Structure formats: structure tokens, C-alpha cells
Amino acid sequence: MQCDRCDQQASVHLRESIEGTVREVHYCLECAQRLGVAPLDPAVVLPLESILQKFVLAHLGEIVGELARRRCPCCRISFMEFRSVGRLGCPHDYTAFHQGLVPLLGRAHGATRHVGKRPRRRPTRGPELIQLRTALAAAVAEQDYETAAQLRDAIRDASKDATS
Amino acid sequence: MNLDDLTRTSGEWLRGTGSESDIVMCSRIRLARNLATYPFTNRASRGDKAEIEREVRTAIARVDPQLHYLDVHVLNPLDRQFLVERQLISRELMTAEGPRGVAIGPEENVSIMVNEEDHLRLQVMHSGLSLHEVWERINQLDDALEESLDFAFHSQLGYLTACPTNVGTGIRVGVMLHLPALVQSREIEKVFRALHKINLAVRGLYGEGTQAFGDFYQISNQQTLGKSEAETIRTINDIIPQVIEYERRARKELLENRRQNLHDQVSRAYGVLKTAHQISSEETMHLLSSVRMGINLGLIDDLEIPTVNELFIHTQPAHLQKIQGRHLEVDDRNVARAQYLRSRLANGRHQAN
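Which chain is which? The protein sequence lines are A and B, in order.
When we follow numbering that gives the first Met the number 0, the leftmost residue of the first sequence carries the number 0, and every step to the right adds one.
When we follow numbering that gives the first Met the number 0, the leftmost residue of the second sequence carries the number 0, and every step to the right adds one.
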């Protein structure tokens with residue numbers, strides 16, 4: 000397949016779908032590098048997230064760019080990380096990325112509203128507890144045991160009355 | 000639960016009983032659930048996963064003491080593979096890391112995976128076409144677990160899952176069918192296309208991305224948002240009898256137009272299985288499929304369907320190694336498999352374990 004921008008053979012194939020419009024692009028490595036959608040040099044391996052972010056920013060406009068940079072305040076995953084791995088980080092992401100997820104759900108399910116069973120119990124402190132657990136994992140990773148101990152106490156207190 | 004004991008039995012779903020069981024192997028429903036107060040499994044720390052496991056395990060023990068919990072992370076790789084072959088855990092749970100487990104019910108009708116892609120994956124299976132009974136059981140189980148677990152739920156989007164393709168009801172309703180005549184007449188592709196058009200998925204015996212070994216196909220829903228559990232079950236329940244009808248028609252045509260060939264094919268398949276001295280898993284599945292159809296069409300009369308169903312599972316690599324009680328490389332497995340088949344199929348009427 001030929002590169003969309005020159006006569007060379009395309010080796011970078013990207014597909015992005017936003018608001019129902021599917022867009023496919025095919026570039027040779029050189030053009031892809033110039034456009035910032037492929038690493039500049041094989042030795043310099045950019046994280047997938049930044050490659051995708053560059054691509055999204057370059058081609059899909061500022062709103063998507065803002066969304067791409069958005070992070071869930073609870074589990075700290077970014078929308079672009081979700082798009083690259085296909086899995087969300089925590090239940091609160093459905094609220095944090097609502098704007099980006101709803102069109103995606105519409106395409107996958109043909110609907111955006113749940114019909115069916117509902118639980119009787121409704122937890123009230125889910126996001127707060129996830130935030131605390133994420134902070135705890137970070138504190139443990141950094142060997143900041145004093146903060147970790149405080150966070151464990153906070154988790155214990157919050158868990159006591161987590162359900163309405 | 001001693002896993003070695005399981006090598007001498009098989010799950011209820013292999014019994015070959017229930018409605019339309021000549022074509023329908025089993026009906027299965029799974030529900031995906033997550034705890035509201037933890038990150039999803041892929042973002043959860045080891046400590047989080049251990050906590051999730053503890054909470055869920057306590058809830059499971061309270062709900063049904065007959066559910067036996069296995070720590071998958073301490074099992075050896077062979078035992079994990081063994082559970083995959085029995086359809087009790089997924090490949091994802093087998094290869095995942097950190098604290099995780101599965102609770103298994105007596106007769107292997109129920110399994111609850113913990114810390115798979117979602118914190119909980121509830122599964123209920125029954126032999127034959129029996130989705131209503133399966134739903135009743137899994138719905139009860141879900142209600143009972145919810146008494147002590149806070150599931151993540153969003154008023155607009157329903158039950159929240161790690162992958163947005165499962166959000167809403169979190170339900171997957173699947174029926175496993177044996178469709179050898181549609182495969183032989185090459186009409187299966189037409190059936191697949193029709194099913195894809197109405198957003199139903201077709202998978203092999205071992206789920207997503209697996210080849211349809213032994214002509215077994217699992218037909219299931221893909222969409223979980225905007226359709227109630229009852230509607231999803233109804234859609235599958237409405238479509239399955241049509242697929243069964245196609246398969247029956249294809250079998251009838253084979254019998255009418257190619258009876259001699261069919262009888263020859265079935266008898267040769269049976270003959271090879273009874274006499275071979277080395278045989279691969281793939282060839283075994285292929286030949287067992289012919290034999291299974293042969294029994295249902297009255298071309299073989301000294302073998303029972305449950306035995307054949309069981310052989311599909313017991314001749315898988317991990318099962319063979321557990322039965323033999325030792326590690327076997329591929330070539331040795333092929334010899335052991337042939338030996339096992341010969342012993343199970345030798346002389347007279349054969350019964351399932």
C-alpha cells in the first residue's frame with residue numbers, strides 16, 4: 000500500500016474513530032516520523048501513549064486533545080492509556096471519561112443507557128476509597144511508609160461507612 | 000477439592016442430558032461484576048488484589064458453603080491448564096498474576112472467578128438448551144453475593160466493567176452447539192454471517208479467539224448495554240432453534256444423499272479412535288466429532304453420548320497428564336492419548352465415568 004503523502008510503501012497504518020467517523024491513514028516511516036506518529040529513531044522508543052497523543056492532537060483537534068490528556072482523579076489512568084490498552088482503570092473512569100466513552104459505547108452496543116437489573120445496595124465512598132488505595136500503592140512503591148500507614152488508617156475509616 | 004479426583008468425573012454440562020442435547024452441548028451464562036471501592040484488576044496493586052480476594056471469598060463462603068475455593072495463584076501450571084480444559088477458568092485467569100482464584104460448585108455447574116479481567120466473573124453452565132434455569136441460578140447467586148458486596152454500578156451505564164464492551168448488564172449468554180453437518184456441507188459460513196448481522200458472536204470450544212475444534216461452536220451475545228438480561232436471553236433462545244433446525248436438515252441431507260459415505264466416514268473415525276497407537280489432540284477432536292454425529296444418527300449403537308462428550312475433555316493435554324500422573328511431552332502425549340482412547344473404547348457398551 001502506498002503512503003498517503005508520498006510515493007513510498009506505507010508501513011505505518013493507523014485507524015481512529017471519533018464520533019462515528021472512522022479514519023484510516025497509511026504512511027511510510029519517514030512521513031510518519033515527520034508527522035510525529037512514529038518514533039524518530041528506532042533507538043529512541045517513545046511510550047505508546049505519547050505517540051498516540053501526538054497523533055490524536057495532530058489530527059483530531061483540541062477537544063480530543065484535552066480528553067486525551069484527562070486523567071481519572073481516582074486511579075490516575077489517562078484516557079489515552081485506556082485507548083491504548085482497551086481496559087479502564089477503575090469504575091470512576093466511566094464518570095471521568097464520560098464524554099469520550101459515550102460515543103464509543105454507542106458504537107459498540109447501539110445504546111448508551113442501561114436496561115435491566117439494578118443492585119439494591121449503593122456504595123457511597125467508592126471514588127474516595129479508590130483514590131486512597133491508588134495513593135497507598137504509590138507510597139508503598141516509593142517506600143514512604145509513614146504516608147502509607149496514614150493512608151491505611153484512612154482506608155480503614157472510609158471502609159466502615161462505605162455503603163448507604 | 001482434590002483436583003486429581005476430578006480426572007475420574009466430568010461436569011454436569013457434559014452429561015448429554017436436557018433439551019436438544021444431540022446438538023446442544025450446554026447453555027452458559029456469565030456475569031461480570033466489580034467491587035465499587037477498588038481499582039479494576041489490571042490497575043489493582045498486589046495488596047488490593049489480596050483484599051478483593053479476601054472480601055469476595057468471605058462473601059462466597061457465606062452464600063454457598065458448597066462452593067469450593069481454589070487459590071489459582073498457588074496452583075501449578077498443569078492444574079491451571081486442567082481447569083481451563085474443564086471450562087472452569089479462563090485462559091486469562093490462568094496466565095494472570097497475583098492473588099486470584101475460583102470457586103467451583105458441586106457438579107461443576109457453577110464457577111466464580113476472582114480477579115480475572117473483572118473482580119468477579121460468575122458462570123453457570125447446564126447441559127442441553129436450558130437458559131432459563133441457568134439464568135435463575137446465576138441471578139440468585141448474584142443477588143446473594145450482592146447482600147455483602149458493593150458492586151460498581153452507574154445509574155445510566157449499569158454494572159461497570161474493566162472493558163466497556165461488557166458494561167451494562169455484564170451478561171454473556173452462550174449456547175455451545177455441535178454442528179458437524181453444517182461444517183461438512185460448508186453451510187456454516189452462511190450461518191455465521193447471519194449471526195454476525197444480528198450482533199451475535201461465534202467462538203470455538205475454549206472461547207475467544209480459539210479455533211472451533213471438534214465442530215463445537217459457542218453462539219453468544221456481544222452487546223450488554225441497552226438490552227435487559229431477559230431480552231438478551233430471549234434473542235439467543237429465539238435464534239438457537241433455527242440453527243438446530245439447519246443442522247438437522249444438513250444431517251438429513253447427508254443421510255439421504257450420502258448415507259454410504261457418511262457411514263463409512265463415521266465407522267472409520269470410530270475405528271481409528273479404537274485402534275490408533277498415537278494420535279494428536281486435533282485429530283482426536285475431529286474424529287470424535289464424526290463419532291458423536293454417528294451416534295446421534297443411529298450409525299453407531301455401542302457408545303453413549305456422555306462418553307464421547309467426556310472424551311473431548313479428557314483427551315486434552317493437561318487431563319491426559321493428570322490421568323497418567325506425570326509430565327508428558329507432545330509425542331508422549333500422543334501415545335498416551337491413543338492408549339487412553341483404546342482403553343475407554345474397548346469392547347461393548349461404553350459408559351461415562
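FYI, nobody ran anything at the bench for these hints, they're computed from the structure.
Errors might be hidden in some of the hints.
Have a look at the derived ranges for each label pair, beta carbon to beta carbon [claimed, not checked]: (1) Q65(B) x R106(A): 30 to 38 Å; (2) Q7(A) x E252(B): 33 to 41 Å; (3) G46(B) x R119(A): 24 to 32 Å.
Taking beta-carbon pairs under 7 Å as the criterion, some of the chain B residues facing chain A (in silico) [to be verified]: (4) E91; (5) L156; (6) A335.
Everything numeric in this text was worked out from a predicted model, so none of it was measured.
A virtual CB, placed ideally from N, CA and C, is assigned to each residue, including glycine.
Tested hints:
1. As the Cβ distance of Q65(B) to R106(A) is approximately 42 Å, the hint placing it in 30 to 38 Å is violated.
2. Take Q7(A) and E252(B): their Cβ atoms lie about 54 Å apart, and the range 33 to 41 Å is violated.
3. In this structure, G46(B) and R119(A) meet the distance hint of 24 to 32 Å, their C-beta atoms being roughly 29 Å apart.
4. Evaluation of the E91(B) hint against chain A yields a violated restraint, the C-beta minimum of about 11 Å exceeding 7 Å.
5. Because the beta carbon of L156(B) sits about 6 Å from the nearest beta carbon in chain A, less than 7 Å, this interface hint is met.
6. The interface hint given for A335(B) is broken, as the beta carbon of that residue sits about 39 Å from the closest beta carbon of chain A, more than 7 Å.
Of the hints listed earlier, those the structure fails to meet are numbers 1, 2, 4 and 6, in rising order.
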